[in-house]
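In the order they appear, the protein sequences are chains A and B. Counting from 3, one number per residue, gives the positions in the first sequence under our numbering. Counting from 8, one number per residue, gives the positions in the second sequence under our numbering.
Source of the hints: derived by calculation from the structure; they are not laboratory data. Some hints could be false.
Distance ranges between label pairs, derived from CB positions [claimed, not checked]:
| hint | chain 1 | residue 1 | chain 2 | residue 2 | range |
| --- | --- | --- | --- | --- | --- |
| 1 | B | ARG28 | A | GLN85 | 56 to 64 Å |
| 2 | B | GLU486 | A | LEU38 | 35 to 43 Å |
| 3 | A | VAL25 | B | ARG119 | 34 to 42 Å |
| 4 | B | GLU62 | A | LEU41 | 39 to 47 Å |
| 5 | A | GLN85 | B | ALA498 | 51 to 59 Å |
| 6 | A | LEU41 | B | LEU79 | 56 to 64 Å |
All values reported here derive from a predicted model rather than from experimental measurement. For each residue, glycine too, the CB sits at the ideal point set by N, CA and C.
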Amino acid sequence: MTTNPEAHDATVDVDPFDLHDVVWTAVSPRLATARLVVLGIWAVVLLLPMVALAAGFALLWLWLTAAGLALVLAWAGFLVRRQVRALGYAERADDLLIRRGILMRQLVVVPYGRMQYVDVSSGPLARRCGIATVQLHTAAPGTDATIPGLPPAEAARLRDRLASRGEARLAGL
Amino acid sequence: MSTPLHPVPESAGEEGYDWRRLHPVTPALRGWKVLVAFIAVIGFQMSDMLRDIVELLGPGRAWIVALGVILLVGAVGFVYSALAWRVMRYAVTDEAVHLRTGLLFRQQRQARLDRLQAVDVVQPLLARLLGLAQLNLEVAGGTGSAVQLAFLRETEATELRTRILALAAGVGPQQVPAAAATGAPPDAVGPDAPTAPAPAAPLAAPVYEAAPERQVYELPMPRLIGSILRSVTPWFLLLVVVGAVVGSILLGDVSGMFVLVPALIGAGGYVWGRINTGATFRAAASPDGIRLRHGLTEARTQTVPPGRVQAVRIRQGPLWRRPDWWQVDINVAGYGAESQTESVLHPVATRAEAAIALWLVLPDLGVDDPLATIDAALTGVDDDGGFTPAPHRARWVDPLSRRRHGVLVTRTALIMRSGRWWRTVVVVPHERTQSLALTQGPLQRRLRLASFVVHSTPGPVSPSVAHLDQHVAAALLEEQARRAREARAGAGPELWMRTATADLGGAGEVAGAQPPRPPVVQGTASDAAEPRP
Chain A
3 MTTNPEAHDA TVDVDPFDLH DVVWTAVSPR LATARLVVLG IWAVVLLLPM
53 VALAAGFALL WLWLTAAGLA LVLAWAGFLV RRQVRALGYA ERADDLLIRR
103 GILMRQLVVV PYGRMQYVDV SSGPLARRCG IATVQLHTAA PGTDATIPGL
153 PPAEAARLRD RLASRGEARL AGL
Chain B
8 MSTPLHPVPE SAGEEGYDWR RLHPVTPALR GWKVLVAFIA VIGFQMSDML
58 RDIVELLGPG RAWIVALGVI LLVGAVGFVY SALAWRVMRY AVTDEAVHLR
108 TGLLFRQQRQ ARLDRLQAVD VVQPLLARLL GLAQLNLEVA GGTGSAVQLA
158 FLRETEATEL RTRILALAAG VGPQQVPAAA ATGAPPDAVG PDAPTAPAPA
208 APLAAPVYEA APERQVYELP MPRLIGSILR SVTPWFLLLV VVGAVVGSIL
258 LGDVSGMFVL VPALIGAGGY VWGRINTGAT FRAAASPDGI RLRHGLTEAR
308 TQTVPPGRVQ AVRIRQGPLW RRPDWWQVDI NVAGYGAESQ TESVLHPVAT
358 RAEAAIALWL VLPDLGVDDP LATIDAALTG VDDDGGFTPA PHRARWVDPL
408 SRRRHGVLVT RTALIMRSGR WWRTVVVVPH ERTQSLALTQ GPLQRRLRLA
458 SFVVHSTPGP VSPSVAHLDQ HVAAALLEEQ ARRAREARAG AGPELWMRTA
508 TADLGGAGEV AGAQPPRPPV VQGTASDAAE PRP
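Given only the sequences and the hints, what does the whole structure look like? Please build it.
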């Protein structure tokens with residue numbers, strides 16, 4: 003989880019998104035399962051009627067559209083695991099780091115003292131997969147600090163920990 | 008209404024608060040809105056149905072019916088407003104302002120004074136004619152004003168503002184220095200500042216002294232008009248008009264002229280908005296923070312206490328380059344993202360005034376020569392003024408304005424520079440940093456570049472620097488997180504006067520802290536910096 007496979011062929015020695023002395027925690031691989039299920043549902047909902055229509059009326063363009071869509075979905079399915087692997091977070095003494103993305107990479111630093119509230123949420127599918135999402139909110143709407151795919155126990159621990167740390171370092175706006 | 012308001016301690020319990028009503032004319036002013044809204048809705052939405060009804064009744068009777076309906080709606084509106092006014096009360100305690108509203112659905116709202124972000128006194132045209140004003144208290148979060156007291160008598164509103172600001176600053180009435188009781192030095196009080204050692208008040212009543220203020224700049228009307236002529240909108244409008252006229256002539260068909268209607272309405276609205284908010288724009292410095300006064304029909308006096316400005320943006324379009332004009336916008340947590348009129352610190356500033364505006368927000372820029380730094384930020388390229396620019400290889404992703412991307416870290420703030428034709432400079436004080444991010448797209452990755460983003464509260468300013476060297480950006484992220492933390496630890500308390508009590512003694516001294524007067528500027532800035540008689 004420390005280096006990205008593609009960082010090796012770059013001429014750079016260190017990955018700037020891999021701040022030194024930071025131990026990243028990966029999210030649960032069950033997030034990949036959950037996302038694959040969602041993709042699967044989309045595939046069924048979109049592809050089945052398309053294929054049925056295409057077969058029924060023998061429409062070549064519809065077949066081609068369906069094939070294109072299937073290709074996109076397959077590619078997305080292929081990417082899901084890598085995307086989930088790229089997700090990580092790290093609790094430091096004074097702030098929380100979150101990184102995500104392979105193509106569009108992002109690293110967010112949220113100081114504990116800046117947190118206004120913490121959300122823990124999980125939908126029906128996420129609950130079935132045993133994962134939850136923790137989201138940090140600051141006074142800035144631009145703060146995109148979402149950690150999806152945490153085991154519920156870890157999510158609860160993180161929430162309590164963030165809340166207590168935030169309280170200790172609370173400052174005005 | 009004239010008895011002075013005693014702020015009771017928060018612990019007194021809800022019923023012990025000094026609950027007050029708003030001005031009795033309020034329902035009349037509010038009732039109008041119901042009527043106008045009704046007529047507008049009926050007129051615009053149901054004009055077809057109206058026509059049918061008119062045909063059914065015949066013209067004579069239709070008029071009577073219409074008049075009757077309008078009277079009825081007006082009466083309902085006024086009665087409702089009157090009833091709402093009867094239950095609406097406010098109270099000021101030493102910790103919060105409470106507002107009770109609601110006829111059917113009761114609501115009690117509490118705005119904590121230590122969370123106060125801004126206090127505005129607003130006078131819409133009608134209220135202004137009647138000598139009434141509305142007091143808006145802004146706290147972070149939510150939409151609209153946290154507490155809106157509409158309407159109060161004008162003197163009452165300014166007095167209440169003085170009290171609220173004094174309480175929010177952590178200054179009790181007893182702490183008012185002896186000098187203030189005899190009246191502030193006349194030169195320190197602004198033209199229409201609340202002149203208020205309330206001589207009529209009984210001895211026991213707490214006396215709050217309006218913080219002395221000193222005007223630092225004023226926007227002359229010709230410059231405002233000039234700035235509008237030098238914006239894109241009128242030229243775009245001219246283009247549309249010429250296009251429509253030429254098109255109509257060529258085609259011999261006037262229906263093309265109807266294109267003009269929405270364009271005219273849009274452009275007219277924009278121009279009117281700019282004139283209305285920019286006219287008579289004045290800014291003053293006071294210990295209570297920045298005080299902005301502006302507005303043609305709707306007069307607005309804003310007070311933003313110290314440390315409440317989250318970010319500043321100084322911007323210049325291509326047409327403003329020749330006269331060297333700049334627009335200065337701010338992020339204040341209470342105003343929110345949707346406010347356009349409140350978030351302006353200076354609609355059209357000269358360079359010197361832009362520097363003064365920045366000084367209002369950040370008295371210490373954290374560099375030895377602030378003016379040179381501001382110059383480098385406004386017009387510099389590459390590493391002028393010590394900026395860290397985007398590396399040369401960034402030309403592949405941004406060939407046009409690559410040389411303007413840059414960042415400078417000072418002791419107190421982060422200065423970000425961008426834009427070649429639309430020059431933009433954003434300043435974020437270290438202690439106002441909310442969270443930080445680093446982003447990198449596929450192209451940037453190949454070029455070993457990364458963009459650095461600072462998240463600020465909702466408002467017009469969104470600070471970021473694009474296409475820095477990825478290691479520079481990563482180091483900046485780390486250091487900025489540390490600097491923001493340290494700055495916050497050393498930042499003043501929310502009750503801003505608690506640290507500055509020593510300054511209270513000399514009324515003029517605090518307010519008169521000299522703005523950085525640029526030595527090289529033409530007379531305007533130094534004239535503007537003088538207090539008006």
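| query | Would you say the C-beta atoms of GLU486(B) and LEU38(A) sit inside 35 to 43 Å of each other? | reply | holds (40 Å)
| message | If I claimed the Cβ atoms of ARG28(B) and GLN85(A) lie 56 to 64 Å apart, would that claim hold in this structure? | response | About 59 Å separates the Cβ atoms of ARG28(B) and GLN85(A), which means 56 to 64 Å holds.
| task | Could you check the hint for me, namely that LEU41(A) and LEU79(B) are 56 to 64 Å apart, CB to CB? | result | Because 59 Å falls inside the window, the suggested range holds.
| request: Could you tell me whether the CB distance from GLN85(A) to ALA498(B) stays inside 51 to 59 Å? | output: Cβ of GLN85(A) to Cβ of ALA498(B): about 39 Å, so the range 51 to 59 Å is violated.
| task | Note whether the CB distance of VAL25(A) and ARG119(B) lies within 34 to 42 Å or breaks it. | result | holds (39 Å)
| request: Take a look at whether the Cβ-Cβ distance between GLU62(B) and LEU41(A) falls inside 39 to 47 Å. | output: Cβ of GLU62(B) to Cβ of LEU41(A): about 60 Å, so the range 39 to 47 Å is violated.
Checked against the numbered hints given earlier, this structure breaks hints 4, 5; the rest are met.
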